[in-house]
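Q: For the record, the sequence lines run as chains B and D.
Per the working numbering, the first sequence starts with residue 451, numbered consecutively.
Per the working numbering, the second sequence starts with residue 451, numbered consecutively.
If you are wondering where the hints come from, they were derived from the structure by calculation, not from laboratory data.
It is possible that some hints are incorrect.
DSS-like cross-link-like pairs, simulated, lysine-lysine; straight-line CA separation at most 27 Å [to be verified]: (1) D/Lys466 with B/Lys911; (2) D/Lys827 with B/Lys827; (3) D/Lys500 with B/Lys923; (4) D/Lys875 with B/Lys911; (5) B/Lys850 with B/Lys875; (6) D/Lys875 with B/Lys521; (7) D/Lys923 with B/Lys875; (8) B/Lys923 with D/Lys466; (9) B/Lys500 with B/Lys520; (10) D/Lys911 with B/Lys875; (11) D/Lys850 with D/Lys466; (12) D/Lys827 with B/Lys923; (13) D/Lys521 with B/Lys520; (14) B/Lys466 with B/Lys520; (15) D/Lys850 with B/Lys923; (16) B/Lys520 with D/Lys911; (17) B/Lys754 with B/Lys827; (18) D/Lys827 with D/Lys521.
Here are the chains, one letter per residue:
Protein chains: 2
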Amino acid sequence: MASQNQLFLGTFVHSKALDELEYLHNAAVCVDTSGTIVAVERECDEAKAKETLLPRLGWDVTEVEVVRAKKGQFFFPGFIDTHLHAPQYPNIGIFGKSTLLDWLNTYTFPLEASLSDPARARQVYTRVIRKTLSHGTTCAAYYATIDVPSTNLLADLCLAAGQRALVGRVCMDQYSPDYYRDASPESALADTRESIAHIRRADPSMSLVRPIITPRFAISCSVPLMRQLGQLAAETQLPIQTHISENETEIRTVRELFPPSATGAQDDSYAGLYDAMGLLTHRTVLAHAVHLTEGEAALVAARKAKISHCPCSNSALTSGAARVRWLLDRGIVCGLGTDMSGGFSPSILAAARHAVLVSRHRAMGCYSSSEEGEREKLSVEEVLFLATRGGAEVVGLEKKVGGFEVGMEWDAQLVGLGMVDEEGKVSEQDGGGDVDVFGWQGWEDMVPKWMYNGDDRNTKKVWVKGRLVHERK
Amino acid sequence: MASQNQLFLGTFVHSKALDELEYLHNAAVCVDTSGTIVAVERECDEAKAKETLLPRLGWDVTEVEVVRAKKGQFFFPGFIDTHLHAPQYPNIGIFGKSTLLDWLNTYTFPLEASLSDPARARQVYTRVIRKTLSHGTTCAAYYATIDVPSTNLLADLCLAAGQRALVGRVCMDQYSPDYYRDASPESALADTRESIAHIRRADPSMSLVRPIITPRFAISCSVPLMRQLGQLAAETQLPIQTHISENETEIRTVRELFPPSATGAQDDSYAGLYDAMGLLTHRTVLAHAVHLTEGEAALVAARKAKISHCPCSNSALTSGAARVRWLLDRGIVCGLGTDMSGGFSPSILAAARHAVLVSRHRAMGCYSSSEEGEREKLSVEEVLFLATRGGAEVVGLEKKVGGFEVGMEWDAQLVGLGMVDEEGKVSEQDGGGDVDVFGWQGWEDMVPKWMYNGDDRNTKKVWVKGRLVHERK
Numbered sequence: 451m452a453s454q455n456q457l458f459l460g461t462f463v464h465s466k467a468l469d470e471l472e473y474l475h476n477a478a479v480c481v482d483t484s485g486t487i488v489a490v491e492r493e494c495d496e497a498k499a500k501e502t503l504l505p506r507l508g509w510d511v512t513e514v515e516v517v518r519a520k521k522g523q524f525f526f527p528g529f530i531d532t533h534l535h536a537p538q539y540p541n542i543g544i545f546g547k548s549t550l551l552d553w554l555n556t557y558t559f560p561l562e563a564s565l566s567d568p569a570r571a572r573q574v575y576t577r578v579i580r581k582t583l584s585h586g587t588t589c590a591a592y593y594a595t596i597d598v599p600s601t602n603l604l605a606d607l608c609l610a611a612g613q614r615a616l617v618g619r620v621c622m623d624q625y626s627p628d629y630y631r632d633a634s635p636e637s638a639l640a641d642t643r644e645s646i647a648h649i650r651r652a653d654p655s656m657s658l659v660r661p662i663i664t665p666r667f668a669i670s671c672s673v674p675l676m677r678q679l680g681q682l683a684a685e686t687q688l689p690i691q692t693h694i695s696e697n698e699t700e701i702r703t704v705r706e707l708f709p710p711s712a713t714g715a716q717d718d719s720y721a722g723l724y725d726a727m728g729l730l731t732h733r734t735v736l737a738h739a740v741h742l743t744e745g746e747a748a749l750v751a752a753r754k755a756k757i758s759h760c761p762c763s764n765s766a767l768t769s770g771a772a773r774v775r776w777l778l779d780r781g782i783v784c785g786l787g788t789d790m791s792g793g794f795s796p797s798i799l800a801a802a803r804h805a806v807l808v809s810r811h812r813a814m815g816c817y818s819s820s821e822e823g824e825r826e827k828l829s830v831e832e833v834l835f836l837a838t839r840g841g842a843e844v845v846g847l848e849k850k851v852g853g854f855e856v857g858m859e860w861d862a863q864l865v866g867l868g869m870v871d872e873e874g875k876v877s878e879q880d881g882g883g884d885v886d887v888f889g890w891q892g893w894e895d896m897v898p899k900w901m902y903n904g905d906d907r908n909t910k911k912v913w914v915k916g917r918l919v920h921e922r923k
Numbered sequence: 451m452a453s454q455n456q457l458f459l460g461t462f463v464h465s466k467a468l469d470e471l472e473y474l475h476n477a478a479v480c481v482d483t484s485g486t487i488v489a490v491e492r493e494c495d496e497a498k499a500k501e502t503l504l505p506r507l508g509w510d511v512t513e514v515e516v517v518r519a520k521k522g523q524f525f526f527p528g529f530i531d532t533h534l535h536a537p538q539y540p541n542i543g544i545f546g547k548s549t550l551l552d553w554l555n556t557y558t559f560p561l562e563a564s565l566s567d568p569a570r571a572r573q574v575y576t577r578v579i580r581k582t583l584s585h586g587t588t589c590a591a592y593y594a595t596i597d598v599p600s601t602n603l604l605a606d607l608c609l610a611a612g613q614r615a616l617v618g619r620v621c622m623d624q625y626s627p628d629y630y631r632d633a634s635p636e637s638a639l640a641d642t643r644e645s646i647a648h649i650r651r652a653d654p655s656m657s658l659v660r661p662i663i664t665p666r667f668a669i670s671c672s673v674p675l676m677r678q679l680g681q682l683a684a685e686t687q688l689p690i691q692t693h694i695s696e697n698e699t700e701i702r703t704v705r706e707l708f709p710p711s712a713t714g715a716q717d718d719s720y721a722g723l724y725d726a727m728g729l730l731t732h733r734t735v736l737a738h739a740v741h742l743t744e745g746e747a748a749l750v751a752a753r754k755a756k757i758s759h760c761p762c763s764n765s766a767l768t769s770g771a772a773r774v775r776w777l778l779d780r781g782i783v784c785g786l787g788t789d790m791s792g793g794f795s796p797s798i799l800a801a802a803r804h805a806v807l808v809s810r811h812r813a814m815g816c817y818s819s820s821e822e823g824e825r826e827k828l829s830v831e832e833v834l835f836l837a838t839r840g841g842a843e844v845v846g847l848e849k850k851v852g853g854f855e856v857g858m859e860w861d862a863q864l865v866g867l868g869m870v871d872e873e874g875k876v877s878e879q880d881g882g883g884d885v886d887v888f889g890w891q892g893w894e895d896m897v898p899k900w901m902y903n904g905d906d907r908n909t910k911k912v913w914v915k916g917r918l919v920h921e922r923k
């Protein structure tokens with residue numbers, strides 16, 4: 451929590467609708483000590499705010515901390531990373547030419563298993579939290595590992611660093627290496643309950659960190675395990691996260707491993723399996739969903755389950771190009787995930803950029819009409835919506851974060867771009883980033899420029915629930 | 451030129467073959483005052499270098515400048531950007547949902563035309579040279595504009611900044627806006643000759659900057675203009691750069707505008723047209739080549755023309771995913787281009803990364819066998835070859851730059867990655883970048899990590915022809 455009431459002044463940019471950004475220029479936003487936005491005032495400079503706005507709130511002007519966006523800077527909602535594996539962070543950028551299943555065995559499981567060493571877990575988790583915060587990620591849905599103490603440590607570190615997080619102890623009791631597998635459904639359940647209890651003790655109001663039930667994916671979970679996790683979700687009303695339909699070999703394997711005769715599912719689809727296990731709920735985050743069938747999409751939509759689109763991983767692991775437009779057309783809520791380390795970047799801004807590019811590769815596919823291909827394209831506005839409002843809804847926080855509205859909490863980033871002077875230079879203070887803005891360019895150019903070339907250097911400050919959690923030196 | 455002989459010590463990484471990087475650890479490279487590499491010595495630390503290597507060269511140890519790569523750092527050849535439009539730099543990241551031809555009219559031509567203002571040209575060109583140098587681009591094949599003075603200024607600025615460059619005054623006498631078009635083939639030729647003469651005066655030995663004949667692309671050039679530029683190339687033995695087969699509408703337009711009956715070409719193909727105009731030579735750099743036919747590829751290969759692959763632009767402009775493996779299989783030399791601002795990034799490292807990703811989208815296409823798709827994938831090693839040795843051959847400098855060999859010139863960058871300590875921190879000195887390396891990771895992990903997440907922060911120093919031309923503060 452912030453120790454003082456805060457007044458933010460300048461330009462605020464956030465999503466008004468899927469395809470529309472709203473620009474609030476010369477505006478004022480007031481955030482109280484609980485981190486809640488209590489006023490959003492247009493056409494309100496510092497003098498006016500102090501004369502009329504703060505008194506109206508009953509705030510003592512001398513005790514308010516004022517934060518001003520300078521020329522070329524704007525406030526933007528914090529990013530929501532709806533899918534990432536914290537223990538895999540050291541492996542980002544390491545793939546060889548592998549695809550999903552061999553990549554898991556070659557690179558991923560050995561690294562995850564090694565994080566049962568508390569010192570290594572502390573090192574890696576400390577780094578991944580710092581790194582994602584520095585990229586403006588104010589909320590992250592983390593997969594940890596099967597190890598309870600280090601999963602709990604991840605939650606503790608998020609809480610200490612002030613990052614909003616969903617933290618899941620990973621469940622996997624079959625088709626995984628002997629050295630990295632739950633011994634039984636019962637032990638997986640007990641370990642999951644233990645981790646949930648720890649996280650609830652650490653943040654009883656779940657105001658910042660909450661547990662999330664995490665069956666890794668169908669292949670690595672037995673039917674009894676999935677069923678019991680589904681029951682646990684019903685009992686606790688906790689969210690669920692898992693993977694679905696990322697890769698064709700994976701989908702074939704799921705079909706072979708889980709015939710409807712053995713599961714009671716209504717068909718042999720991947721989504722149908724999860725549904726039969728009680729895992730397809732309105733609190734479920736499904737990562738990838740690249741190859742869903744029409745029937746599966748209808749089921750996902752009916753259950754109001756949410757989808758985390760992970761474009762960097764789609765491309766890097768050659769999984770396929772997810773049909774985001776098709777999902778959105780079916781009323782399915784989507785957000786963005788970095789999917790580290792299936793994705794190579796810790797940045798949701800990079801995920802947004804790559805979502806634009808992957809959508810263009812979809813548009814270059816074969817369609818019966820060029821209009822059909824054209825519709826596949828996601829715009830800058832749309833991917834920034836997915837990165838904020840969309841992600842917030844995916845993790846069930848759409849009333850709390852994702853935009854600048856009275857009653858929401860102040861999860862935000864201050865973004866600064868490099869303003870090129872007449873000699874072709876950018877001052878060190880403004881710059882140090884890779885986004886150059888020229889004097890004749892306006893806001894409608896600046897935000898796309900940020901989306902296409904921005905990085906953590908442009909994220910000058912980051913707040914969660916009103917607390918300053920990252921500042922770029 | 452460097453004022454002193456130089457001794458570089460540490461790890462050197464460069465391409466040995468298309469799919470193989472060579473790591474020279476604990477090595478020494480000596481560069482004389484002309485910028486030429488005179489020794490590459492393996493297993494040679496500083497003491498040994500001073501005791502045996504420098505005396506062997508007849509160098510006075512006290513007068514040699516020593517540059518050491520620290521832990522986590524390595525020397526890598528400078529990048530070659532084989533295709534970019536310097537005047538378009540301010541527009542990177544600005545596309546809307548346009549594709550090639552409407553993008554040219556909406557965004558590109560107005561900006562290019564505005565650079566006839568010398569102050570704006572100086573501002574933009576200064577910035578683009580600084581920016582590309584900071585990303586490790588030691589050599590760039592620039593398109594300027596139709597304006598002669600500002601084209602000449604670009605060459606002068608490259609020379610002053612020490613960037614190796616090919617600089618082309620753009621020719622376009624048809625199907626372009628009235629406000630931005632050559633008045634006639636004759637005036638285009640005269641202006642081109644004027645710019646060539648200027649650049650030759652500025653760098654008589656062409657040791658750093660050289661002119662390049664630049665018909666924009668077929669659509670915007672009349673047959674007489676293309677013929678005369680072909681003759682000029684034959685007369686001067688200068689290189690040529692142009693675009694080919696980027697976008698399907700463009701290709702259809704070329705076919706309609708230039709029937710073989712009017713050109714004397716052997717068929718109605720895009721490559722056939724350039725060939726008939728005398729523009730398809732072993733010194734020609736063809737940007738894009740996304741949709742070449744088998745027959746065109748055979749013609750390009752026969753003429754030994756080179757191709758600049760611009761993956762960021764392929765995706766961003768929805769042009770198509772170039773078939774790099776297919777081109778390489780046909781013996782065609784390829785390099786990488788940023789294609790700013792059709793591409794969104796000033797970085798060849800980003801182009802290399804995106805070349806990997808675009809190749810994966812090709813691999814996800816429809817093939818009769820999975821092996822066929824698999825072959826489409828470009829590896830980290832391959833794209834780094836394209837970024838250095840490949841690019842050098844594309845611009846005709848393969849004997850001079852692209853690798854660390856005796857007799858080549860020292861066009862190089864010092865790359866540094868962030869080494870994560872046990873507390874999960876990276877020291878400011880090493881870091882400030884986005885690439886985190888953990889203690890247990892070796893060189894075979896570090897280079898891919900750099901390729902996937904590196905940026906200009908990792909490029910600590912840049913040299914061209916032995917001269918330090920960029921240093922990161």
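Q: So which hints don't hold here, by number, going up?
A: 1, 3, 5, 6, 8, 12, 13, 15, 16, 18
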